[in-house]
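**Q** Following the hints, position chain B against chain A.
This is what each chain is made of:
There are 2 protein chains.
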Amino acid sequence: MLKKRTAILMMVISLIVGSLLTMFLTGSNSIAGQASSGEGLLASITSGGLKAEETRKIGAAIDLIEGNYYKDIERSALVDGAINGMMEALSDPYSTYMGQETAQQFEESIEGSFSGIGAEVSMEDGNVVVVSPIKGSPAEKAGIRSKDILLSVNGESLAGLELNAAVAKIRGVKGSTASIEVKRNGVAEPIKYAIVRDDVALETVNASLRKDGIGMIEITQFSLNTAERFKEELTNLEKQGMKGLVIDVRNNPGGVLSVVIDITQQFVPKGELIVQVEDKNGKREKSFSKGSSKSYPITLLMNKGSASASEILAGALQQSADVVLVGENSFGKGTVQTSFDRQLGDGSLLKITIAKWLTPDGTWIHEEGIKPDIAVSQPDYFMVAPINKEKTLQFNKNSDDVKSAQVMLDGLGYKPGRVDGYFDVGTQKAVKTFQTSQKIKANGIIDSKTAEALEKVLIEHIQDPLNDTQLKQGIAEVQKEIKAMASKK
Amino acid sequence: MLKKRTAILMMVISLIVGSLLTMFLTGSNSIAGQASSGEGLLASITSGGLKAEETRKIGAAIDLIEGNYYKDIERSALVDGAINGMMEALSDPYSTYMGQETAQQFEESIEGSFSGIGAEVSMEDGNVVVVSPIKGSPAEKAGIRSKDILLSVNGESLAGLELNAAVAKIRGVKGSTASIEVKRNGVAEPIKYAIVRDDVALETVNASLRKDGIGMIEITQFSLNTAERFKEELTNLEKQGMKGLVIDVRNNPGGVLSVVIDITQQFVPKGELIVQVEDKNGKREKSFSKGSSKSYPITLLMNKGSASASEILAGALQQSADVVLVGENSFGKGTVQTSFDRQLGDGSLLKITIAKWLTPDGTWIHEEGIKPDIAVSQPDYFMVAPINKEKTLQFNKNSDDVKSAQVMLDGLGYKPGRVDGYFDVGTQKAVKTFQTSQKIKANGIIDSKTAEALEKVLIEHIQDPLNDTQLKQGIAEVQKEIKAMASKK
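Protein sequence lines correspond, in order, to chains A and B. Each residue of the first sequence is one higher than the one before, starting from 1 at the first, in the working numbering. Each residue of the second sequence is one higher than the one before, starting from 1 at the first, in the working numbering.
Just chain A, same shape as in the assembly (with noise of 0.2 Å):
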């Protein structure tokens, strides 16, 4: 579990969810019960295509600019523009017109899928190094493992690629074959594995059991396979005896309809309210539980990356299934989209809001987020930025760089006193304890050596969940519940 935390001081990257930053909330399965996108209820097509007047307005504007524009231009990339500057003209970030490549990483995130290797990279000075291999796919199967550099694909070098552009690379259609040269610590030289392309399911579910029987699920997104894999998981921990669940979706940015309302049915009495989807006219659909409650307690986690989905299900579990929410108010995204990707006949996408969805009470969450029952941020250090290496910070400097030293320090309890970025004799003493205990020479002035100790020791302790006070409250909630239903027996 939490295996996906990432510290703010990494460059996490993984191959699968690099296209989810902005997420979705398509409708098309769950209301009409259908499959396909773009044919919801609530879609409707009018054919109408553009009136006489707005043809010639548009055509004008076209030869104007290919008339006179002072560079060549593609006619195809006036087009695309036109079509992205109608959807910037609804002031709606959630609809959006996405050209062939990135409508092709959608729908494989909304499918839970893709095309690869399946290995989770990230950069480190400069290298493509594996996070690790994803279970059961191509690389994990060829032998590569975590830790590895990836040297080069198919005979080109992978050096001096940003992360994206490496990816790009590694990845290809299924069938296709990767030529993946490999250097492997305690290897002298490099190991070179041909990798034959597949779909690789991502991994959107982590579960795991506690000794004190609590159960921890933590969901990355909500894709088409994430409820059957919820399940699967929930259903495990059940036959092992959990007492209590904690379910982290903590900068999940949401997902499928249908998928969050299977999943969140797992909890709520049969009957009761998940949702209302409310149309233009104020119509509104609802959907029920057709599943039923659970006898031990449960806690929420989320956080203000929590969108969308992830709010459905809070939204859900806090009013149908006295679920304890645990953390920061969620993100405030209340709207559904529908993707349309047959129509513009190209591969091409529009992305539309077609609704907004309410609580079960009725309460719209759109840009107000939902409230946790228990509050709870993380620490600053959580959140700091990184240290600039070509400056030396020491006594009575006053810098961004020594207030990050300063929160740093601070967060792994060596008490600078201040942390404002005024490196004073409070600080100094925090310095030198710290480097004491790194057996770096106690001179109280940050250096890169110390600074590099000091983001090292950080990162160790940002991705101990002993310190993720969020996860620690979650879990201290569950079990005083335990407790306390032990206690009515």
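Please keep in mind that the hints were generated in silico from the structure rather than gathered at the bench.
Identical chains share a label here; the pair holds if one copy fits it or two copies do between them.
Below, a list of computed lysine to any residue pairs in the SDA-like style, where the Cα atoms sit at most 20 Å apart: (1) Lys403 x Arg418; (2) Lys283 x Tyr69; (3) Lys403 x Val419; (4) Lys71 x Asn281; (5) Lys283 x Asp72; (6) Lys51 x Asp63; (7) Lys397 x Val419; (8) Lys403 x Asp424; (9) Lys147 x Ser157; (10) Lys472 x Leu209; (11) Lys71 x Gly48; (12) Lys415 x Glu452; (13) Lys439 x Ala453; (14) Lys71 x Glu367; (15) Lys280 x Pro93; (16) Lys480 x Gln318; (17) Lys415 x Lys429; (18) Lys71 x Tyr94; (19) Lys391 x Asp420; (20) Lys71 x Lys283; (21) Lys397 x Asp424; (22) Lys71 x Arg284; (23) Lys397 x Asp420; (24) Lys483 x Glu238; (25) Lys397 x Arg418; (26) Lys280 x Tyr69; (27) Lys51 x Asp80; (28) Lys356 x Asp72; (29) Lys283 x Ile73.
**A** Frame of chain A; chain B shown alone:
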């Protein structure tokens, strides 16, 4: 001269130049020698309009949006969006689509006149305050004075409005009446004026003659009437026996190409190059001077706000008239736009970049700007941020507000020692000295009273031409050359 210099801490927005922040260089007039826009030699209009496939795709998109979006939308907003989007696809900030209202403001700015009462106003403490009535304007004739507070227009209160919204209420078509209530210092009751709106010429040229015989001409933008006004002022200065000239185009965003050529050739020997305009195919159209050089020395003041036509002036004066450029690197806009205001048929307008312009020696200064011969920046305190007066600043505090205060104290000569935001004993001492000079109790603490006094004194300091280091350098350079010329005789 220099009456338009604005202090950073004051929000002085002129009634007139508000729409000129993004500025243009229209090419229609001078390039082709024709008076109407969109008919220049370089402007050509193809007439293919939208192709069937393009009409179909854009039409499908508009149908999908109209049929599915969760809010009501104006169809015309989508069409405007489409045209905006095509312009954005060019990735050229100077090619833009303007709706009817913006188009009208744009054309007024080119013409250098607008219809209104003719008062420059600013927002101070929530009040709309007259900076000065424009010479010869209806406002001046009616008796509106500097520092008057405008309370209402035609019975509608201006309280609580943003400056732009207030200005919109004050302006109106020529011949209409604005009934204005004014609060004047020392007068108990509001004063009522009925002012008939008229065309008000925008003053783009400010000239003065120093006692030492050095003339100064500031050009605030290059409107259609600017060359004529410039020649008037120049002739006037020459008649008074001007010995040298400082031309000031700092923060001048540009204007009409034919106008800047006309002004430039007052100083460039006949037959010398002023500017070259290069079209898409590399064909160059060269503008040669029909004027003559001057016998007196000239410097030109410019800064990073000097753009477009200002840079044509700077480049030509430097390369073809031996004028010394003083100040900062200029903005770097090396393109020419033409506006097409009839083709769209509804009062809206397309401004399209149609060509590059090059300096006499063939340099394209786009995104580079022009280097000054003598680099002089204004001191940091010209750009200092105001102090947040809700917080009290004192010893051992550390913040951006402390930094602002230190920069102000330093600029005023109170030597706080450090200007990095840490309030040390040096800062405390400087505050006490300042407080004593202002007859405020010298406690070394910056409360709102001290902060306000500091800002007030700083604004006066900035507005004093004696503290304008670029101007001083420009004058010194002219003086030096006058001396050198005298010694040669």
